[in-house]
Amino acid sequence: MSEWRSRLRRWREAAAERLPPWWSRALAGAFIAFGIVLPFFFPPTSGFMNATIIAVTYAVMALGLNVVVGFAGLLDLGYVAFYALGAYTLGWFGSGFFFKAHVHVLVSPVQRTLAGVHLNFILILAAAALICALAGTLIGLPTLRLRGDYIAIVTLAFGEIIGVVAVNGQSVPVGGGMTLTAGNLGISAVDQPYFPGIGQFNLLNLRAWYWLILAILLFVLFVNLRLRDSRLGRAWIALREDEIAAVSMGIPLVKTKLLAYSIGAAFGGMAGAFFGTYYTVVNAGQFQFGFSIFILAMVIIGGLGSIWGAVVGGMALGYINNYLIPDVLNNLPSKFGLNFQLTQVEFGIFGFLLVIMMLLRPQGLIPERRRRLELTAKIAAEDAQLAEVPGSAAGPT
Amino acid sequence: MSQVDAPAPPAAAALRAEHVTKRFGGLDAVKDVSIDVPEHSIVSLIGPNGAGKTTMFNMLTGLYRPTEGSIYLGERDITRARPDVITSYGVARTFQNIRLFGAMTATENVMIGHHARMRAGLFGSIVQPPRVRREERETRARARELLAYVGLREAVFDRLASQLSYGDQRRVEIARALASEPRVLLLDEPTAGMNPQESQRLTEFMRQLREELKLTILLIEHDMKVVMGVSERVTVLDYGEKIAEGRPADVRTNPRVIEAYLGRQD
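Chains as they are written, first to last, in numbering that gives the first Met the number 0: chain A, 0 to 396; chain B, 0 to 265.
Bear in mind the hints are in silico, worked out from the structure with no lab data behind them.
One thing to keep in mind: the hints can contain errors.
What the hints assert, rightly or not - Derived, one-sided and incomplete: chain A residues facing chain B with beta-carbon distance under 10 Å:
{"no.": "1", "residue": "Ser45"}
{"no.": "2", "residue": "Ile243"}
{"no.": "3", "residue": "Ala245"}
{"no.": "4", "residue": "Met248"}
{"no.": "5", "residue": "Leu258"}
{"no.": "6", "residue": "Leu372"}
No residue lacks a Cβ here, since even glycine has one placed at the ideal position from N, Cα and C.
Whenever a hint applies, use it, and build me the whole structure from the sequences.
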């Protein structure tokens, strides 16, 4: 086993040496090009397109949470709160929900005739990011002084509180007979994106939606990559590694953590706003605790702290959850004469996947560069040890 | 408080603690200790295990807040300042049990030391205008210079800190502290785990640091040879209290110090 592993490692090192330095950039470019032309291979309303859009949105959320958990090492168990806030931003500023108001900014001629607040989707996206970043700052300011597990508990509570507020918001008046949320009924008939020059989005053609969320993903990805290799990214890693040493070296603890938390929150809000318009309804029932864990699972399966890992983890769980289980394998048990459908046991499947991952590849699908370095160093040391004592490789270890 | 009768300290002190006390519950880890570190000097803080030396360091660098007393850096009161702010004022330290960032390379560790001197904020980090790129490049170059300065081989500059040898880890820690461009350097048992030759070399290096970088150095040290060889002044703590202070030769013959180290001879 170890010989096999070291041979694989040597092969990989040799490959890395032979490839030109622009290789990784070219690879990324090819992936982006592939992502752009992907919809042309599928019917515009296919179930696969739908699953892809959801999977890409998950990837955006995973990237956001990865900044918080992966980069800065703050275990956030209430990330769904920012999904909710982002979705409600869309509900408030992109529907007839506030029916007494008449505000229209850069929306389609049809939407312009409707009551309520109607802003262009880009503005809503920015507002969602801003509101979530503010909320993140507000909740983070008192809590980020805490350490490790305590942050997890507080964020968990924050997620639950936002969920409860969403449900009970229908009895919170905001004046003129209007309420804060529509509770479990949901804010429905939300605007679908409209861009002057491009036109009105609708659910009969999913391609436009796909390109929109792909653009959001690329933006978030770009910000992530830039932050990782910057002064701020370094400070996050340092805080994650050793808080005491980091503050002694001049890194402001609360401010740096707060930045991680609110940037992650902003990305979650953007994804939430997109889901709001894509699902055409903002419903309090969408924001369950389980979803926070689901996104966390994406980050961990992808590889904690790894940007490409978060993308792959988010897409993988997105496809499994929205395509593989419901569309492809759902009737599998009945073929074996079993009387249930796979969607009924999906949590069991996720749990199984997570356990398998932790056993076979605890560092994630695409481990962070640092973790990989640590790991290869460990393996190299093991190899050296085995080489020193002849015959010990065959013995029980 | 008993600060009223304290004589006005000389203006030349780079770092000064006045009647500092740190209480943990019922335990006085440090009790009414005053230390004066004159500009451009090397001062040692010695004492048996548990005497409160590291607690003192933690107060000087802002990790602990003194229960009583004040700490000044030059003329500035830093008693209640946060550790990162104190670092930006010009105090840097190393740790007794090395605290490098294990998952970062030696170079990156030293770049962290420069954090307080860098300007790039959130938007600078994302947009990366030429100003930020230049800053990043200069910081990296400076970090490598410092690593060479403390005597690290270039081959290990990009190795993870956790994979470096013990001696190299100590070197990187000093380089990381120097990267914050300090005026005062606090070294917590820098020769721990070193053999006599290495200790001797470090002693010379401390002198070199003082001359070349115009540093003031305060160190905690157990190796008496190092203490006697390098420091102009020595402060001795025992059970959180200052029991002696002065030139190394005087402190060595002080009966209370001998008693603290060797026990009472009846």
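Going down the list of hints, with the structure as the test:
no., hint, verdict
1, Ser45, "violated, 36 Å"
2, Ile243, "holds, 7 Å"
3, Ala245, "holds, 7 Å"
4, Met248, "holds, 5 Å"
5, Leu258, "holds, 6 Å"
6, Leu372, "holds, 6 Å"
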